[in-house]
Amino acid sequence: MTGAAPARVVVTGMGVVSSIALGVTEYLSALRAGRCGAAPVSLFDTSGFAHANGHQVADYDYAARLRRTDPAEWGRAALFAATAARMAVDDAHLSDRALQQRQGLVSIGTTDGGSHELDLLVAQEIAGGHDAMDGRLVRQVPAGGLSVAVARELGLTRVEAMTVATACSAGNHAIGDGLDALRSGEVEYALCGGADALCRRNFTGFYRLGLVAPDRCRPFDAERAGLLTGEGAGVLLLEEREAARARGARIHAEVLGYATNCDAYHQLTPNQAGIRRCMRLALDNARVDPADVDLISAHGTGTRTNDAVECGAIAEVFGGSPPPTVGLKGMLGHTMGAASALAGIASVLAIGHGFIPPTVNHGRTDPECAVDCVPNTAVAADPRVVQNNGFAFAGNNAVVVFGRDRRSGRDAA
Amino acid sequence: MSRAGPGGGAPPVVSAWSAVSCFGIGRSAFTAAMAGGARPPAVAAAPCAPRPDDAVYPVPSFDPRAVLGRKGTRTMDRVSGFAVAAARELLGGTPDASLDAGGGDRTAVVLATAGNPQAMRDFTRASLTAAKPFHVDPAVIPSGVPNCAAGLVAIWNGLTGPNTTINTGRAAALNAVGHARRLLVAGRADRVIVGAFEAHSATRARLDPHRAQPGEPGAPGTGIGEGGAVFLLENAAACGEGPREPLLDVLHVAHRTGAPDDFAAAVRGCVEEALDRSGLHPGQVWAARGSECAGEPGRQERRVLAELFAPEVCDRVRPPGNGDTGSAVAAFQIAAALAVPAPPDAPVAIAVTAVDPGGTAACAVLRRRPQGRA
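Those protein sequence lines, which keep their order, are chains D and P. According to UniProt numbering, the first sequence is numbered sequentially starting from 1. According to UniProt numbering, the second sequence is numbered sequentially starting from 1.
Don't read these hints as lab results, they were simulated from the structure. All the given hints hold, so there is nothing to weed out.
Pair by pair, the computed Cβ-Cβ distance ranges are: (1) D:Arg102 / P:Asp261: 21 to 27 Å; (2) D:Asp134 / P:Asp137: 23 to 29 Å; (3) D:Pro290 / P:Pro343: 49 to 55 Å.
Residues of chain D clear of chain P, computed beta-carbon distances all greater than 12 Å: (4) Arg32; (5) Tyr60; (6) Arg245; (7) Gly248; (8) Val288; (9) Asp292; (10) Arg304; (11) Gly319; (12) Asp382; (13) Arg384.
Which stretches of chain P does chain D cover? Using the computed rule of at least three CB atoms under 8 Å from a CB of chain D, they are: (14) 116–126; (15) 131–142; (16) 160–172; (17) 177–183; (18) 258–271; (19) 357–365.
Glycine is no exception: its CB is placed at the ideal position from the N, C-alpha and C atoms.
Make a model of the complete structure from these sequences and hints.
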């Protein structure tokens, strides 16, 4: 870096679409209640699978939530992204016009983009050949549509519509991209997060790899048996701190820092050294010591390998007594590109509202996962610095560190 | 032309590049074809073309096992094969020990691609048609996600720095260059391997809702292309001290998201902003290279460039003419700007634009350095 210290970046708006809540107020209640969104998947035909629970978003009226978007024209993940972005802008008490006049970045992470629609097209192709494929669905497949849908819903044109495709850590990549663009002064706001819809292909892949749990996702549990695939979207509105204060914005939290790296090790198996290095880089970037971290929102997929490797890396960075480390995928399922965005919003809510959301479905902690996972019941606490982990196939690690804004803090939130 | 880059530093520079194209594997095959002005060999009515009149511009006889060896290539998909092959030439042709040993954690990989839609389609199809819905091939699961190629470039070269995959269609390579620039400005890497790749498949062609109809004017956008290009982008200071020669400065990348039927305003907006932020006006641009998008978006892009720039400026860097290469379109445009002979004396400004029918437009303003250190 050259010149002055980089601008500080804060969260001023949040939007949530998930299996446990629609909207950030309901999300806060659900996190406090330890709600689990697992249920049999109905979005696609699951006959023939021995088990097919997932975290599906309940149907909601898109048109009632969206102002400019024609729901018939967009895919499921794009509609989730647009809904969460609309909520985030409303939460920030900003008008569309105010955003339209500023230079911005929309950065949405995803694993599958319009793959739910692609599944439908494949079924049409099987039934009736290529000519049976619906052109409207074809237009909904490209992942770029997720960030364009956000821009279109808000009427934004002076905006870079970025769709980050780093799979299960993409939400954190998107937040980090927004942080960098704001720190350098390249943009005046960033709408960042992630979105994915459940789809047959994704579910079948995890099922074939033996990673889908039979009933529930149980992060860090000795009896954990895998993940449950989920869907949803989380979007955060980021602004430069002084600009946010100047307009009298409510500051939910500060984005203290971020890091991303690559294991360069294996396409599917996580690597403890890579994860450890990413956490250290993120804490350095945030200028905090491990001892300053009050809570870790883990990647915590509930698979045998991830949880053991992640906890091993946490032990290396934080020593024998790491901060409480929660696995939110017990409640939310693994929402893929949305996962670290939804977990990031939970991190911000924990800071603002003085609690730690629990790791649900928990029986007995695995000795290989030597963390206090705050089992089953939320606890009152005073987290000031929260580390949010996201990891992905291809070894794509991304970690974001949130902190309490020293002036606004929880009283204002 | 001495405007600072974002964050106050000098603009980052491209110091090496490679391409995999219908002209062959490697930079020299692409450069020779561009210099010779040859039309690439299109394969009409290819077995995998969805319609009899679709031209396809395949990378000739590309097989990852033959090109890269047998180790680690058994299940490698075509996009990853292109990316790993191009990265190999990029790094192999870069005389810098820091890239070979010890520099892996300061080297980022940023790739734009839509990944492997054929594998995705085949996987779902198997699930829907097999005796059991889970009778699918697990070996193709990694390549069913677009970040596969960037992850493999990292694994093959020991690159543990930031690793990003971007999936935004025809403007994606410019999103990638802009993102790479942000990584450098933020100090997250000292150098970025940034590029874009796409592989031809029947499914990819069928899923392109905006593909030109038969008989559509604007021939370069009509066929289906594949391959891509990759660039080594680094801080100017680091490059200046090393053995590599700066070829191209990346002055600015600007973006717009257009209204559904108004690409012209989006293209004009990002060109004017990119030039302004580079301290230039249109009259100072030596070459402008549009993305030759099929249909109405391409017509509007060409019209705006013709309004802003003189005819000879729009013709100086000719389009590669290798079909619509999706995410890789703008990477090929930048490669084309590098393939023309370097200016003899002073640096020249080049504007590269791309539009995606999904609604995005982007413009990169580049500065081609003269031959030898200037």
